[in-house]
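Each chain is listed here by its residues.
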Amino acid sequence: MSNDWKNEVSKCSKCGKCHTVCPVFLETHDESAVARGRISLAEALKDKQIGYTEKLRDYVYSCKKCMRCRKVCPSDVDYEKIISALLRGVAENMGIPLLPKIIFRYILPRRILFDTLLKVSSKIQRFIPMKKRGQMRHLPLLFMGKRWIPTLAGKTALQKFRKTRKVENPRMRVGLFTGCLINYIYVDIAEAVVDVLNKMGIEVVIPQRQLCCGTPSSTMGDVKSSKRLAEENRKVFESLELDAIVSACATCTKSIKNDYMHILGPSWKNMSDKIYDISEFIDKFIGDMPGVKPIGEKVTYHDPCHLLWVRDISEEPRNILKKSSRFVDMDMADACCGGGGIFTIIHYDLTLKMLERKVDSIQRSGADTVATNCPGCVMQIADGLAGRNSNIKTTHSIQILQEALKNGETKK
Amino acid sequence: MVMFKRTTREDTKLLKVVNELLRVLGKEKVLSGIEDRLCYSYDGTKQKALPDIVIRPNTTSDVSITLKVANKYEIPICARGAGTGLSGGAVPLQGGIVFDLKGMNKILSICPEDFIATVEPGVVTKHLQDEVAKHGLFYPPDPSSAAFSTIGGNVAECAGGITGLKYGVTRDYILALEIVLPDGSIINTGRKTLRSVTGYDLTRLFIGSEGTLGIFTKITVKLIPKPEKIDTLAAFFCERDNAIDAADLVIENNIVPRTLEFMDQMSISAVRGYGGVTLDEDVKALLLIDIDGTGENIKHDLSVVESACKKKNALRVKVAETSKEREAIWAVRRSISPALYNIAPHKINEDVCVPRSRIKELLQKVDQLNDKREIYVANFGHIGDGNVHVNIMFKDEPGQEEIAEKIVHNIMVEVIKLGGTISGEHGIGNKKSQFMDLEILPKELSIMKKLKDFFDPKGIMNPGKLFPSSA
Ligand SMILES: Cc1cc2nc3c(=O)[nH]c(=O)nc-3n(C[C@H](O)[C@H](O)[C@H](O)COP(=O)(O)OP(=O)(O)OC[C@H]3O[C@@H](n4cnc5c(N)ncnc54)[C@H](O)[C@@H]3O)c2cc1C
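For the record, the sequence lines run as chains L and U.
So in the numbering used here, spot 135 of the first sequence is number 135, and the numbers just go up one at a time.
So in the numbering used here, spot 181 of the second sequence is number 181, and the numbers just go up one at a time.
In case anyone wonders, no lab produced these hints; they're calculated from the structure.
Computed from a prediction, not measured in an experiment: that's the story for all the values here.
Just so you know, not all the hints are guaranteed correct.
[Claimed, not checked] Restricting the straight-line Cα-Cα distance to at most 27 Å, the calculated cross-link-like pairs of lysine-lysine (DSSO-like) are:
no.	chain 1	residue 1	chain 2	residue 2
1	L	14	U	106
2	L	71	U	372
3	U	46	L	6
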């Protein structure tokens with residue numbers, strides 16, 4: 001990575017428009033919690049007016065990296081370059097907290113070790129007192145937070161799909177980038193992707209040696225680990241001749257499609273062009289879906305930040321839901337659910353505020369189910385709804401399509 | 001960045017102030033780390049000066065307590081809304097305390113039956129507009145920054161905006177203020193009634209006072225019924241004067257559009273191609289017009305506007321059919337400011353205002369002042385009010401800034417000759433204070449100075465702003 005963040009810093013005209021969209025600023029009204037403030041800190045670092053302090057680290061970590069600010073910036077400042085440089089600077093100058101470092105450097109790059117450790121903790125989890133809101137601590141920072149998440153799957157997605165399900169004369173062969181949450185917890189989402197695509201005559205390969213996308217480590221400024229993971233994943237996916245790569249995780253898609261362009265450079269462009277969010281893929285390559293019969297449930301949709309604000313994808317998942325259910329939009333569908341890695345751990349109170357607002361919107365919509373396109377959001381929203389003892393279900397939009405396809409089969 | 005070399009004595013004093021404020025306000029509201037001070041050191045002018053302390057009050061009493069301490073130790077105080085100002089108002093030029101008023105952001109009451117709302121100063125303007133709209137009401141002052149600037153900042157600058165011609169500016173909607181004076185005392189000006197003529201109009205004195213007299217802690221605004229509908233039209237011209245004539249003709253025909261915005265050739269070429277904006281090459285001037293009201297009168301007004309534009313040789317007139325088209329037309333206007341940086345990296349953004357009948361002369365003068373084309377000048381803005389944003393763009397080359405500044409100075413001189421004003425809406429701050437005495441004569445300036453001394457004898461309120469350094 002170069003010094004181009006410095007150029008971006010000087011492009012900021014300090015107009016303050018980022019105030020209007022930053023989910024953290026809208027809760028705190030702290031200038032230190034919005035792009036304009038952090039850019040002024042970056043500027044001071046650049047001019048050697050300040051050094052790396054704990055306070056600075058807090059302010060850098062308070063960013064959700066949802067990239068809304070980048071999207072609305074009238075001066076076209078590439079804030080992502082700036083926040084990445086800040087995170088990297090914090091890591092280089094203050095170090096990375098020991099535990100995440102061990103996880104990022106030694107565990108995430110080694111699938112078997114990761115699996116074993118998680119297996120152990122999936123045994124241990126029975127001894128952890130059951131809390132009302134979910135059953136286990138956060139992953140992969142499992143020992144750090146206050147978050148409670150669903151039970152680990154007995155068999156991971158990778159294990160489940162060790163052998164590619166054969167499709168007769170497939171019209172395409174695509175690879176699935178599972179991502180950690182789907183691999184370890186929401187195996188059913190991976191299953192839905194395979195089911196749906198297979199039914200559309202598409203073969204889905206789940207490369208066994210794929211690793212974490214690298215977002216957790218880049219969130220902590222651990223560039224080295226992210227790079228290592230990116231390089232491994234590149235090897236895995238480049239060695240297979242795939243027509244496309246899909247992912248059902250908004251954050252993983254952003255990471256492997258967009259962030260890898262910075263990490264791996266322009267040589268990743270060919271691959272990057274072939275990477276799609278699952279709904280985007282369906283919209284582009286499948287379009288009309290015979291055999292879909294809408295399910296009776298009312299379904300609403302939550303926009304994951306990394307899909308909407310980074311990739312501008314909002315219609316595609318809604319189109320899927322409109323075809324496969326009784327779709328209702330919710331107000332503020334594009335508001336952040338508060339989920340997302342390290343932020344939820346450090347700023348648990350803010351996370352909860354955002355979540356409560358989200359759950360309000362979901363309840364107001366009158367939907368039976370809320371669908372979204374990111375397992376992180378699924379986890380967060382399910383936690384929020386559980387907190388209110390609500391009957392509303394949380395799921396991935398591809399799972400609604402899966403059900404609608406089943407529905408079409410039984411009621412022919 | 002302005003930094004202050006302080007003597008040890010001043011340092012000791014500051015330490016005392018911080019400790020005293022910590023004791024009375026608590027550590028949540030008193031920030032003195034360098035990281036926090038940096039985050040409150042700038043505004044929309046990109047100027048920077050480091051405050052010594054940032055105070056984040058929640059109540060009028062917090063403000064009052066702080067001012068008492070500041071007054072006792074004679075520490076400068078600079079109020080800050082959202083820091084979007086374009087004249088340097090919220091930049092703490094002499095250090096001291098910055099008041100971050102964003103935390104005082106409650107709408108205290110909306111009374112639909114009285115057409116009145118009372119708010120705290122940190123409420124974002126658009127939030128107020130959205131909330132009163134739920135009652136079918138309208139708060140018209142609409143600066144382009146409405147989605148992120150605060151009512152307090154709007155009152156302190158007397159912000160204008162694109163609806164000014166028909167609906168007036170911030171001043172026209174402020175009924176009453178609660179103000180904390182520099183000694184910590186709290187006063188109330190005006191009444192929460194739609195009319196009140198009792199005594200001197202202190203409210204108006206404080207509107208546009210740029211944080212130099214006192215801090216607003218409650219603001220009562222007047223509301224009006226919300227227009228049913230808005231329609232939008234864009235008229236394309238190949239001559240600047242045609243566009244100006246057309247705007248005149250519209251108003252001569254007794255049509256007062258909700259907005260009447262103008263863009264000149266340089267502004268048009270800046271936005272051409274920016275963010276997907278398409279504009280034909282022969283378009284050299286543009287009018288963007290909003291008409292509001294009920295369906296019936298809008299239809300009538302639109303047809304009058306359309307024929308006025310055609311009479312003045314418009315190349316084309318486009319009425320937006322859908323909200324998408326409307327959005328596309330206004331996107332052109334909104335993209336000017338950022339797009340100008342495609343022409344040159346530096347910008348001086350002036351907001352002069354002349355009587356509408358003198359706009360043509362003003363633009364001719366501006367042309368003449370830049371006849372050697374040493375820099376770039378883009379003119380656009382609220383033509384209906386005569387408020388033209390003259391944007392001077394210049395490059396990173398030696399001598400450019402001096403040329404730009406000289407041209408700005410000469411523009412100010414011409415504006416005054418044309419009977420205009422050096423600031424129509426952004427305020428004076430420190431950016432334009434050197435031009436104050438071009439417009440305000442010595443006698444009037446000394447009255448202003450006396451008023452300032454009366455309210456703020458120790459000169460702690462936003463020092464370095466509004467008055468020329470000689471005054
Ligand atoms: C993109 C952009 C577009 C803009 N468009 C317009 C426009 O169309 N029309 C227009 O008029 N302006 C416009 N502005 C300028 C600016 O937004 C206005 O001047 C606005 O009123 C400033 O509000 P603020 O809350 O940001 O105030 P700040 O910039 O924080 O402060 C402005 C001044 O108000 C004082 N102040 C703030 N709060 C208080 C208080 N409670 N009591 C006493 N003094 C206080 C400050 O000390 C300072 O002197 C624009 C700015 C930007 C960046």
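Taking the hints in turn, this is what the structure says about them:
Our distance criterion of 27 Å between C-alpha atoms is met by residue 14(L) and residue 106(U), whose separation comes to about 25 Å. A distance of roughly 39 Å separates the Cα atoms of residue 71(L) and residue 372(U); the hinted pair therefore is violated under the 27 Å criterion. Straight-line distance between C-alpha atoms of residue 46(U) and residue 6(L) comes to about 16 Å, which keeps the hinted pair within the 27 Å bound.
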